[in-house]
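Visitor: Protein chains in written order, with our numbering: chain A, 1 to 352; chain B, 1 to 352; chain C, 1 to 352; chain D, 1 to 352; chain E, 1 to 352.
Hints may contain errors.
[To be verified] Simulated pairs of lysine-lysine, DSS-like, Cα-Cα distance not exceeding 30 angstroms:
1) D:K289 with E:K155
2) E:K155 with E:K283
3) B:K289 with C:K27
4) C:K347 with D:K289
5) D:K77 with D:K27
6) C:K41 with B:K289
7) C:K347 with D:K349
8) B:K41 with B:K77
9) B:K184 with B:K155
10) C:K283 with D:K41
11) E:K289 with D:K349
12) E:K283 with D:K350
13) B:K77 with A:K289
14) D:K202 with D:K41
Derived by calculation from the structure, the hints in this document are not laboratory data.
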Amino acid sequence: MVDKTNKTGAPPGTLVYFGDKQTDRVKLSLIEFNETDFIEKEFYDLSECLDHVDTKMVRWINVDGIHNVELIEAIGKRFGIHSLTLEDIVNTNQRPKFEDYDNYVVAIMKMLYFDNELQSEQLSVVLFDGMVVSFQEAHGGDAFDLIRNRIRLGKGRVRRMGADYLAYALIDAVVDCYFGILEKIGDRIEILEEDLIEEPTKETMRQLHNMKREMIFLRKAVWPMRELINNMERSETELIKPTTDIYLRDVHDHTIRVIDTVETYRDLLSGMMDIYLSSVSNKMNEVMKVLTIITTIFVPVTFIAGVYGMNFEFMPEIHSKWGHVWGYAFAWVIMLAMMISMVVYFKRKKWL
Amino acid sequence: MVDKTNKTGAPPGTLVYFGDKQTDRVKLSLIEFNETDFIEKEFYDLSECLDHVDTKMVRWINVDGIHNVELIEAIGKRFGIHSLTLEDIVNTNQRPKFEDYDNYVVAIMKMLYFDNELQSEQLSVVLFDGMVVSFQEAHGGDAFDLIRNRIRLGKGRVRRMGADYLAYALIDAVVDCYFGILEKIGDRIEILEEDLIEEPTKETMRQLHNMKREMIFLRKAVWPMRELINNMERSETELIKPTTDIYLRDVHDHTIRVIDTVETYRDLLSGMMDIYLSSVSNKMNEVMKVLTIITTIFVPVTFIAGVYGMNFEFMPEIHSKWGHVWGYAFAWVIMLAMMISMVVYFKRKKWL
Amino acid sequence: MVDKTNKTGAPPGTLVYFGDKQTDRVKLSLIEFNETDFIEKEFYDLSECLDHVDTKMVRWINVDGIHNVELIEAIGKRFGIHSLTLEDIVNTNQRPKFEDYDNYVVAIMKMLYFDNELQSEQLSVVLFDGMVVSFQEAHGGDAFDLIRNRIRLGKGRVRRMGADYLAYALIDAVVDCYFGILEKIGDRIEILEEDLIEEPTKETMRQLHNMKREMIFLRKAVWPMRELINNMERSETELIKPTTDIYLRDVHDHTIRVIDTVETYRDLLSGMMDIYLSSVSNKMNEVMKVLTIITTIFVPVTFIAGVYGMNFEFMPEIHSKWGHVWGYAFAWVIMLAMMISMVVYFKRKKWL
Amino acid sequence: MVDKTNKTGAPPGTLVYFGDKQTDRVKLSLIEFNETDFIEKEFYDLSECLDHVDTKMVRWINVDGIHNVELIEAIGKRFGIHSLTLEDIVNTNQRPKFEDYDNYVVAIMKMLYFDNELQSEQLSVVLFDGMVVSFQEAHGGDAFDLIRNRIRLGKGRVRRMGADYLAYALIDAVVDCYFGILEKIGDRIEILEEDLIEEPTKETMRQLHNMKREMIFLRKAVWPMRELINNMERSETELIKPTTDIYLRDVHDHTIRVIDTVETYRDLLSGMMDIYLSSVSNKMNEVMKVLTIITTIFVPVTFIAGVYGMNFEFMPEIHSKWGHVWGYAFAWVIMLAMMISMVVYFKRKKWL
Amino acid sequence: MVDKTNKTGAPPGTLVYFGDKQTDRVKLSLIEFNETDFIEKEFYDLSECLDHVDTKMVRWINVDGIHNVELIEAIGKRFGIHSLTLEDIVNTNQRPKFEDYDNYVVAIMKMLYFDNELQSEQLSVVLFDGMVVSFQEAHGGDAFDLIRNRIRLGKGRVRRMGADYLAYALIDAVVDCYFGILEKIGDRIEILEEDLIEEPTKETMRQLHNMKREMIFLRKAVWPMRELINNMERSETELIKPTTDIYLRDVHDHTIRVIDTVETYRDLLSGMMDIYLSSVSNKMNEVMKVLTIITTIFVPVTFIAGVYGMNFEFMPEIHSKWGHVWGYAFAWVIMLAMMISMVVYFKRKKWL
């Protein structure tokens with residue numbers, strides 16, 4: 001939740017990794033393709049990987065782990081990536097953004113997973129002329145697997161078009177995953193809404209609060225995506241060809257749809273919180289009303305009983321002849337009459 | 001309510017239909033007209049339909065059902081519609097938008113129905129040179145019937161003007177239907193407001209909550225319309241002629257009026273929710289006050305009765321000669337005096 | 001409150017009147033003037049009116065009633081007013097707006113009256129070269145009387161300047177009337193504020209709610225005026241001469257002042273609603289506290305009375321010799337001591 | 001608080017004074033200076049004043065009172081001030097604004113005083129070529145005295161620079177006075193905040209409400225200042241020389257600082273209101289809890305006393321031999337045990 | 001918290017220091033460097049310092065204390081700093097801003113420290129051609145130490161690049177320190193959140209209120225930084241070379257990240273305040289419910305006891321033979337049955 005450990009005072013462009021998983025070796029997976037051919041290899045060593053690169057094909061190097069700062073630096077030096085960009089790539093607290101440099105453009109994004117709670121993984125896509133280098137946190141999940149499959153099978157446009165379309169496809173995959181998360185959250189909102197109507201409990205409220213928190217963080221990840229795509233569309237780089245523009249417009253549209261839905265969910269959750277609070281308060285009030293009514297019914301008749309418990313030496317209801325016989329019954333009649341009339345009155349006023 | 005089933009990972013431009021009604025055959029209705037002539041036919045087959053098209057007239061092909069993905073793809077191929085556009089047309093979760101391509105422009109909108117609850121149907125209007133192709137969900141209702149009638153009868157400008165005016169007329173019909181919905185909602189708000197003043201119940205609150213929810217979804221459908229019309233007005237396409245601009249300005253205006261009314265209703269509903277909560281709380285407080293006052297009146301006199309129920313061997317009010325005769329009456333006088341003075345006090349303080 | 005009866009599906013440019021008053025004949029009042037001369041006539045027939053028009057003077061035709069759709073259409077045909085403009089003029093639900101056409105510009109506004117509740121009347125001002133045609137609902141009130149008088153008396157600039165200044169003067173009259181309404185509302189807010197401090201009742205709250213509602217509708221009428229004047233200032237029409245621009249700047253300024261005041265009143269009313277709710281809740285709490293304190297004082301002493309009402313055969317306070325004489329007094333001492341100490345304690349804690 | 005008496009319907013450019021103080025004669029104070037010389041005179045007559053004007057020096061005429069409408073009109077005619085400007089100068093409800101005309105520019109501002117409550121005075125500064133004419137309400141206070149002194153003493157830049165710098169200095173004096181007011185309000189907020197923590201009373205709340213109201217009005221006066229300075233900076237008038245631009249940037253900055261502080265205070269006051277309401281509610285709840293606990297402790301033991309007050313002929317605790325001796329003590333033991341265990345239970349639960 | 005002591009009425013450009021620490025001598029530390037050489041010296045005298053300046057190297061003069069107004073004025077005169085800039089440098093209430101003058105540009109910022117409460121120190125960085133002069137409050141802390149070290153050690157780019165990069169590095173250091181503060185605040189929010197779930201107390205609420213206040217002030221310091229960097233990027237000054245632009249873009253990005261986090265924390269704190277209030281209210285309601293239930297259970301049975309304490313001469317339950325033997329037991333059975341059935345009822349209704 002909180003941006004942990006920032007490298008205050010370190011010179012700009014210093015690579016510092018902030019994530020948790022630090023032990024594994026970093027895997028480099030190289031995919032090279034054109035409309036007819038397709039090569040896929042995996043390496044654990046940069047120079048070995050670079051030996052296999054064929055500059056006539058579209059190349060995609062995926063770096064599966066960003067904790068190996070030396071490797072990232074080596075990649076940066078080899079491909080001419082600015083040190084500020086490298087810093088952004090390894091800083092997992094980075095805000096999603098798009099930047100264009102002379103020889104490349106870079107998009108840094110948050111891939112989100114929703115598995116009981118929202119988790120985020122940083123993804124960076126660097127687009128060179130004819131090459132895409134993507135960086136993801138170790139064990140980063142399968143967000144790109146679908147695109148890899150499409151390339152392998154030659155399905156869709158990706159094999160026919162250039163590196164810029166590949167970069168677009170990767171970004172599109174990230175935005176698409178947001179829809180999946182929104183769907184899961186939407187389902188949970190519907191379940192919560194039913195709980196709310198049937199039997200709101202403390203647990204409902206805790207879940208509402210958690211959902212609200214998750215919407216705050218989802219929003220923080222999603223809003224900058226709009227700007228990212230905007231900047232990408234408006235960028236004057238020649239790396240992105242006009243034929244890809246139409247696809248960017250499409251992903252831009254999806255981003256706005258995601259944002260719209262996030263805002264709608266926030267509105268819904270606020271409304272549900274209000275409903276919860278008012279229904280809890282109503283329920284409590286109902287309980288207190290019933291309890292108070294019971295007390296209210298018995299207090300006056302207790303008074304009557306108290307009156308005939310007084311020890312005065314002559315009380316006509318008790319000590320007269322009539323009282324001797326009917327007194328007790330008379331007292332009960334009065335007391336029952338009082339109780340019944342109160343119940344009737346409360347019923348009529350719809351208090352019971 | 002929730003955007004269901006998104007096709008995460010499918011290559012962009014893949015047509016996937018998300019709606020429910022999947023069984024029926026798709027009807028293609030072709031209307032061809034110019035100022036003097038008018039032809040109307042219905043087909044269940046694309047090529048048959050295309051055989052009847054007369055390129056000298058203004059043509060309107062309405063596709064009544066978007067679940068037949070193959071047909072949509074065939075139409076797209078035949079008329080040169082980009083696969084991203086086709087994807088948007090069949091994706092019923094699409095956000096309203098306007099886009100211009102080289103050979104056509106497309107407006108995707110939400111037609112709304114209010115029949116106890118808000119329901120939406122996706123409508124897409126594709127404008128080519130001299131031709132309009134519109135797509136609607138199966139059994140999509142009669143939104144376009146009025147325009148069809150106007151063409152049949154030669155009423156209004158639609159027969160005299162070109163395809164761009166026809167496209168405008170279709171969009172105008174969608175915006176017009178929002179007014180009908182707002183009117184129905186407005187009526188329900190007025191009824192609710194009267195309920196609120198006379199006798200607010202739990203049902204009132206449930207309805208208020210539902211109305212608020214509906215306003216959230218109405219808003220989500222209506223706000224993008226403004227942008228849609230804006231983009232349409234600012235578009236540099238030559239498909240929309242300057243003579244139609246003045247009509248776009250008019251529908252733009254209507255859209256803003258719809259948005260204004262939606263915002264006004266939201267404000268009204270918020271105010272009503274506050275009124276409801278405060279009136280429920282006041283009512284409950286009134287009940288508790290009356291109950292507490294009853295208890296408060298009887299507790300002190302019960303104490304007095306308790307005092308004269310004590311068993312002390314000499315209590316002057318009881319055991320003196322005077323007490324023997326007047327004691328009981330004296331006790332009643334005191335007790336009644338206490339009760340009456342409390343009632344008077346509470347009345348004066350306006351607590352009763 | 002609610003936009004009633006919309007003509008869903010009617011072809012654009014169809015004139016449909018939505019107001020209530022339909023019976024009266026429509027009066028056309030023609031005023032012609034230049035710096036030296038002045039002619040004023042009234043007609044119930046358009047062609048008769050047009051016969052009297054002298055194109056060398058500035059002409060002002062005021063149409064007093066817009067329910068006669070045929071007349072409006074005739075006027076429109078005669079002066080070349082676009083059917084969309086005519087539709088806006090007779091549609092009393094129209095949002096205030098300014099539009100420029102080739103041969104005329106039109107401003108549609110809401111005149112407001114505040115007579116216990118807010119009422120609105122639609123006013124339209126169409127400016128041609130050398131002529132102003134204004135439309136108002138029948139019995140529309142005297143908003144323009146003051147300008148008519150100024151023309152009659154030759155007071156102010158209106159006689160010296162052209163038709164564009166006359167149009168400005170009419171718009172200025174509408175904005176000026178908002179100040180009068182704000183003043184009345186301001187007075188009522190002050191009265192309400194005093195009520196709130198002295199003796200808030202349910203009626204106060206009902207009035208607060210009504211005022212809030214009226215502010216919502218006032219706002220809906222006033223906000224578009226800003227845009228109207230803005231569009232008028234930025235319009236490139238040649239009908240409005242540069243000498244009038246300075247006056248538009250002034251009315252623009254007034255509009256912003258009106259909007260500022262409306263927003264200030266909304267803030268004030270929100271604050272007052274909060275004060276009301278908290279003061280009602282405090283008052284209720286005070287009542288409950290006093291009632292509860294009374295009960296709390298008597299319950300313990302009732303217990304003491306109960307103790308000495310027990311029938312044990314030997315209770316020293318009762319059956320001993322000392323008890324025989326002092327027991328009753330002793331019980332009273334204890335009970336009074338308890339009551340007094342509780343009262344003192346509550347007083348010290350400032351609960352009483 | 002409320003915009004009083006507006007001149008609905010009067011022709012634009014009519015001078016109507018709305019303030020209260022109407023009796024005094026209007027003083028004209030003339031200051032003429034250049035880098036070396038300095039002349040200061042006071043007049044009660046315009047023509048006399050104009051006789052003394054020396055066009056080679058920078059002239060500053062301060063009009064001390066704007067209720068004498070004839071004088072203002074005479075000044076306007078003499079210096080060529082547009083009647084709309086004159087109208088704004090005497091209309092004390094005017095919104096702060098800047099306007100440029102051909103021969104002069106005018107800034108209308110609100111000087112604020114905070115003396116238990118916020119009071120405002122209208123100040124207008126008209127800048128001509130080489131001359132400043134300023135208008136203030138009668139007895140308008142000493143806002144300009146400091147600048148007068150600086151001119152007299154030849155301190156600061158004001159003597160060296162032209163009329164535009166003088167106009168800037170007057171505007172700067174107005175913005176500076178806002179800081180003084182914010183400081184006073186800040187002090188009161190700090191005092192209120194301490195009251196809130198120590199002992200919140202009804203008075204605290206009344207003061208909070210007043211402060212909130214004052215912030216609403218302060219905001220209404222301060223926000224337009226930003227626009228005023230902005231328009232002044234962007235104005236293309238030649239009356240303001242480029243050397244003065246740097247000073248305008250400075251006063252622009254001050255204005256934003258004032259606005260920031262106003263917004264911060266509003267946030268603080270909102271937070272304090274919430275704290276107040278929750279602390280009042282908590283205090284009340286505490287009182288009710290204590291009262292209810294007292295009742296709750298005595299009700300069960302009263303029941304026990306009631307049991308042994310029953311008149312059954314054989315109750316073992318009473319009529320047995322053991323009961324004869326120990327019964328009473330036994331009853332007390334039970335009752336005390338109940339009371340003590342309840343107190344212990346409530347203490348443990350931290351309810352006491 | 002409150003902007004103290006403003007110099008109302010003093011001529012613009014007058015230097016007035018508003019801070020507290022006034023006693024110490026002001027230290028001037030001079031650092032001169034180029035890619036190969038590095039000189040560092042400290043002075044307490046301006047002219048002595050200026051004697052040591054070598055115009056062929058990049059010079060950085062850090063003024064450690066701004067209370068010595070004469071010194072600041074001397075520096076300003078020597079380097080040609082405008083008096084308005086000097087005024088801003090010594091005015092510790094200054095809002096963060098960037099301004100460009102002919103011969104220099106200046107950035108005024110707030111360095112923040114979080115040590116139980118938020119404290120701010122003003123930092124000003126003036127960039128000349130080849131020279132940076134920075135001003136900080138006395139004992140201003142070590143914000144710049146890290147940069148000094150980097151220069152000393154020749155680490156990072158700073159030695160290789162010019163004065164503009166040095167100025168950037170100083171600004172970057174300020175923004176970086178905000179991350180440290182946000183991290184500390186984030187930790188405290190997490191602790192508070194746990195407190196809130198486990199055991200919310202009055203202290204929790206006081207801390208929440210304090211955190212909210214601190215966020216208000218943090219926001220006030222951070223928001224203008226965005227504008228500052230924006231203006232710096234858009235500035236047309238030649239003092240900032242294009243090679244530095246890329247670093248400004250980076251710090252711009254960091255600023256937006258800081259602002260995002262501040263807004264997220266505000267949202268979180270608001271949510272926590274709501275949770276706190278609702279949980280306190282729930283806890284109180286639970287207590288009241290239990291107390292009321294106890295009373296409600298004993299009031300009816302006390303009535304039964306009262307009935308059998310009545311003194312009627314013939315009550316069958318007492319005076320009959322059966323009553324003589326079983327009466328007392330019968331009374332207990334009834335009373336226990338009543339109590340048990342009530343407990344069971346309340347349990348079933350989940351009120352207990």
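Visitor: Which numbered conditions among the earlier hints are violated in the structure presented, ordered from lowest to highest?
Guide: Of the numbered hints given earlier, those the structure breaks are 1, 2, 3, 6, 10, 13 and 14, listed in rising order.
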